[in-house]
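2 protein chains.
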Amino acid sequence: MVNRWKLTAELISFNRKELIMFRILLLCGFLAASLLGGEHPNLILKQSDLKSISLEKDKYPLFAQTLAAMKKDVDAEVQKPPDVPQPKDAAGYTHETHKKNYTVMYKAGILYAIYKDETYAKYIKDMLLKYAALYPTLGKHPAAASSSPGRLFWQSLNEANWLFYTSQAYDCIYNYLSAADRKLVEDNVLRKIAEFFVEEREEEFNLIHNHGTWSCAAVGIAGMVLNDKEYVEKALYGTKKNKTGGFLRQLDLLISPDGFYTEGAYYARYAMLPFYAFAEALENYDKSLKIFTYREEILKKYFYTTMQQTTGSGDFLPINDAIKFKNIQSPEIAFALNVVYHRYGQDKSLLEIAKKQNTVIINGSGLDVAKSLAAAKTLPMFKYNSGWYSDGAEGNEGGLGILRENDYSNTDIIAVLKATAHGLSHGHYDKLSLSYFDQGKEVIQDYASARFINVDPKWGGRYLPENKSYAMQSIAHNTVIVDEKSHYEGKIAIAEKYHPEQFIFDISNPEVKVMSAKDSTAYRGVKFHRTVALVSDKSIKKPIIIDVFRVVSDKEHQYDMPFYYMGHVINTDFTYTAFDKERKTLGKSAGYQHLWKEAEGNAGSNGYQFSWLQGERFYTITGAGDSTMKCIFTRIGATDPKFNLRNEAGLMMRKTAKEFTFANTIEAHGSFDGVREYTSGVYGEVNTVTVISSDNNYSVVKITGKTSLNWILIINNGAKSVKQKHTLTVDNKEYQWNGDYYLIKK
Amino acid sequence: MVNRWKLTAELISFNRKELIMFRILLLCGFLAASLLGGEHPNLILKQSDLKSISLEKDKYPLFAQTLAAMKKDVDAEVQKPPDVPQPKDAAGYTHETHKKNYTVMYKAGILYAIYKDETYAKYIKDMLLKYAALYPTLGKHPAAASSSPGRLFWQSLNEANWLFYTSQAYDCIYNYLSAADRKLVEDNVLRKIAEFFVEEREEEFNLIHNHGTWSCAAVGIAGMVLNDKEYVEKALYGTKKNKTGGFLRQLDLLISPDGFYTEGAYYARYAMLPFYAFAEALENYDKSLKIFTYREEILKKYFYTTMQQTTGSGDFLPINDAIKFKNIQSPEIAFALNVVYHRYGQDKSLLEIAKKQNTVIINGSGLDVAKSLAAAKTLPMFKYNSGWYSDGAEGNEGGLGILRENDYSNTDIIAVLKATAHGLSHGHYDKLSLSYFDQGKEVIQDYASARFINVDPKWGGRYLPENKSYAMQSIAHNTVIVDEKSHYEGKIAIAEKYHPEQFIFDISNPEVKVMSAKDSTAYRGVKFHRTVALVSDKSIKKPIIIDVFRVVSDKEHQYDMPFYYMGHVINTDFTYTAFDKERKTLGKSAGYQHLWKEAEGNAGSNGYQFSWLQGERFYTITGAGDSTMKCIFTRIGATDPKFNLRNEAGLMMRKTAKEFTFANTIEAHGSFDGVREYTSGVYGEVNTVTVISSDNNYSVVKITGKTSLNWILIINNGAKSVKQKHTLTVDNKEYQWNGDYYLIKK
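Protein chains in written order, with this note's numbering: chain A, 8 to 753; chain B, 8 to 753.
Think of the hints as simulated: they come from the structure by calculation, not from any bench.
It does not matter which identical chain is used: a pair holds within one copy or between any two.
Below, simulated SDA-like cross-link-like pairs (lysine to any residue); rule was C-alpha separation at most 25 Å, straight line:
hint, residue 1, residue 2
1, Lys713, Trp466
2, Lys448, Gln336
3, Lys448, Gly622
4, Lys595, Ala585
5, Lys79, Leu62
6, Lys363, Gly319
Could you put the whole structure together from the sequences, leaning on the hints where they help?
Written out as structure tokens, the structure reads:
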């Protein structure tokens, strides 16, 4: 497999023919570019855009209102003298001020380009000259804690953001500035930061990671406005200009052929801005690069696959180090959507999302979207659907499986099986974990990251210590944990070498959608096979999840299988002891130290049942088990003296065995209408879940319900056999079928 | 004071003259009524309404859509055979079915009256005949646990609901039924239930309580359709017909002259339907009663005062046994709003609320609202404002104080001081507790009740045991608890005798709004005086709450003062020991057994500071204290083996002293925008809060801020002195002012 974190291996996969081709592309490109050299602005906002904008800026409500909001913001700021403080903190006043400065300059630049009002230009000029005075005096940022410090900011990532936006502002006022001022700004700031990235931060610049993408986009865009093709080349092909790093290499390696960005949707969103902004500027700078068709339109796939990783409230499906607040309204997504709309044939189903975003880019693409939205009589729905998104540069490193209750609907049930590769430095140690959404809400959650971004008293706004000690650990996820140790011993060096394998993905029958994956790498000598089926039936209003997690080893182990349900406990069918007068931690390490043990019981001979209320619906897990299985109520938040963790709950099943198959159904049922005080369907339909048999050939799981429901699910545990015929006798009856699973409804 | 729970005292206050007047009213009324006797329907939906409805039912969107939704619901139901099960459970299938039955009959009756489609009439007839067969066979409900059992339902309250709705359905199909069927239905069901209330449940019927209101409305409305004036008279004046009970007595005693309903907004909402529905039917039955002008338009005041007790999300301010889901969209409020609009001069500012409710009554009032809404070009805003709402039949039993940051705005800060009387059987033991809302959310919460209404596995949907052991106890509220015992020893018999006294309520200066109340009854030998000021200033974006709670005794006591903040801990300025590996309960009784002790520290010599994040804003409490004051982090949920409580957190200050003045500021500051990853103002403005002095004459509290803020608040602790001149020297400077408080901004 390709190791995308360390770069050593990449050189090999970059062959001579490609190199020559890129050199030719370079020559053509820069020849074309130099002809346009003198025109400003000419990056994302272009001279040609300005003509249509001046004619049409008030015609389309979304454009007009975005521009008016921008003007209102900036007009308030340009009254004040530019404030360029000495850098000090990581999330406090100086950090926020430098962030604000580049945002205001960027917007003021656009406004100057459109309105020609010199107030904006002068404000940018004055601020840039202050930066020109300050920047050369700076060393390493005093609050730098990361391995990649900046000068204006504690981490160089923010420095890249600064260069990215400021270069665009500079482009807008280029012709306003005197040659002397341009020289000052270019020499003392823009080139200094660009140089800082390609020299001092060379390793990060060449990194195949969102930090690298930001560095390249920033230096590349700066290169364009500085009319310095050296920077543009390095941004495209890495500092060695041989495609061992750089923008194109990132497009090759960070995104799978299915458009899955390896860190997950939260960072996919973050990297989307530099990817799309640099592409948009490049397309203008050098059309011959054909960046939007590069790698079979990889940028387009990247966008659409990221959109599929959202819930009904527009939030991104949280895996790895995600922060849960981000959603499709985030500005990065709005930016990319505008470009996608403009560059890839005006997909009208994007307009309903653009409407929710309620903002557009102030350039030709944004004008395009606003114009279409103003003209649209009805907005076709965006198609959210079920899908498997392979991970890995070559698409062969597992992937993310998503089953949706209904196509187009994003507020109905969504089941997510995480069978991806590790996901770089922000990856979590959870293979084959399940999360489950309904009503547009989390119902069985992935904790995601422990971080209060930009909140200074919370560890300077950085990832909290509990991110590593809890959130990244396997026990923070809905998967099997063996012997209270995390997958891959919680070590990135090991985790990056491996990934699960997809086994089943079949959505051909809308009544029975099935996904499964296998893993034999998370623990030495232990094999996982998890199957998640979403099954509809006329006897039930909402489809039922059947979740079968087979674990095999030749040694005895303790297997823990938690479900982090969201909501309030309603009912259990097993007895338990509540530790409700004195409470202790569940364990000592691997994240277990962060869980309170709230109660403990044993499953009955027919298994266990547990229900909870989340929002306006009830949910029930019914599982197979026996009286040797422990059912443990946990709550997050132990060993957390600074109250950094969210205190959410879980129910965990624990079984000691050589091999064991956890089989559960997850039902969504009834309704709870607090406003009208009307409740129905408090009890689910499923009575029992039984594992009839489970061996290296097949798992056979039987589900019986209160009324007519009587199902058997057979899963092939052998080799992949999509078209092979299987025969198996269950309960004295012989069944025959083709493929890797068979659902019998009696 | 008037004891509204026991009725014995009331007889005295009902004089002979009134009695004669009422007898005359009775005579006139029933004479008029008898002339109309034969017309059906003639209760809330009247013959005269039907004419306009048939002409205009499709003209106004809200009316048309409400009717269409009703039709859709009912059309689905009338396909099925009527299901009248043997009563069995308290929140399960039989309970929900009998509830559904009256709702469907009620709606089907309306539809029959409008569309003359006999499908509806036949459905009601068939169902009523089934009830006529079942009802006479029933004894006490098998799941009855309350002291007021019904027959169809576990509590007679639901039985009243059934009679109330079914009488209206019966009215609509009266002329459709044969005389024999009418006799069956009247004799076997309607009269039987009416009789059950006036005979068997006589005590409850005469009770001054929402149960009584429901009983009276149900029996009264049944009396009208049965053409039996005896029932109507008893409903109006009590079973003895001397106004010792009954509807008018309830209007006299349950609602204060300011329109405050003594149980609080949740039950105000609940009682609003029978109050308004009976009034609406009465107005039609006997105009001479002038029910809508009765007691200086008490019904109008009741409605508007209840509307003032809402937050920005439309939820009711939760005090006592409230359930937090209820809001202005609840059907009872929609019903009352329609009647208020129709009867009290078409207040156009109600229309924006009607729009949110998205439903109207299907009668003349509803048609009125829908028509106005269709005609309105703009909707004037409803005026939410600051106010003091006296409690008690005579308005002299304390009250509820509400300070709002801005008039009209309900999403800005709202501070609530609960200084009411006990609030009948659903009252909680918390005098002078404070709650605080912002962004339309709870920021410092009142726990309200512990109940999952209608959720069978949660104690049959009834109030949970933890309602009494925790939610009702003083420690569940933001007030002072002395020696770990609840106010009034947690005994209703004592609590009902007393109430706090309002001391200050002054909103004349929009920059400094102040309310305060005193209590010397919650504990023998301990006096409370709490002052809450909402202070704006040009140096701060949002006003600051100054909360001064003076406690005086001549013996030493332990004083606990909790704040149940909602959200996530951000920062503290004091050191503490976290019990994050082993956790115990805070106490043994009076609700303390339900709190986990999460951490404990000591205030510094300058007091303490604590901040948290709720939604998109930060909040900080800064308080006066010294190193002998404990600061204890608590979490609700100990001694709760069935997971019945919500696991929310509090910070509690503990001080042992004879007299002590808790002085705190509560600030709302900054913003946290997760979608845009932008954070500002993480730290508040206030540096320190100091009690310069506090004695029986004055409390003097000094507040200093980071920049220009430097305030002194002086509160008069002596007798009320609105116009008296005070002189006091503070920090060697003499201050002079008139009235009970003085805020000096230096």
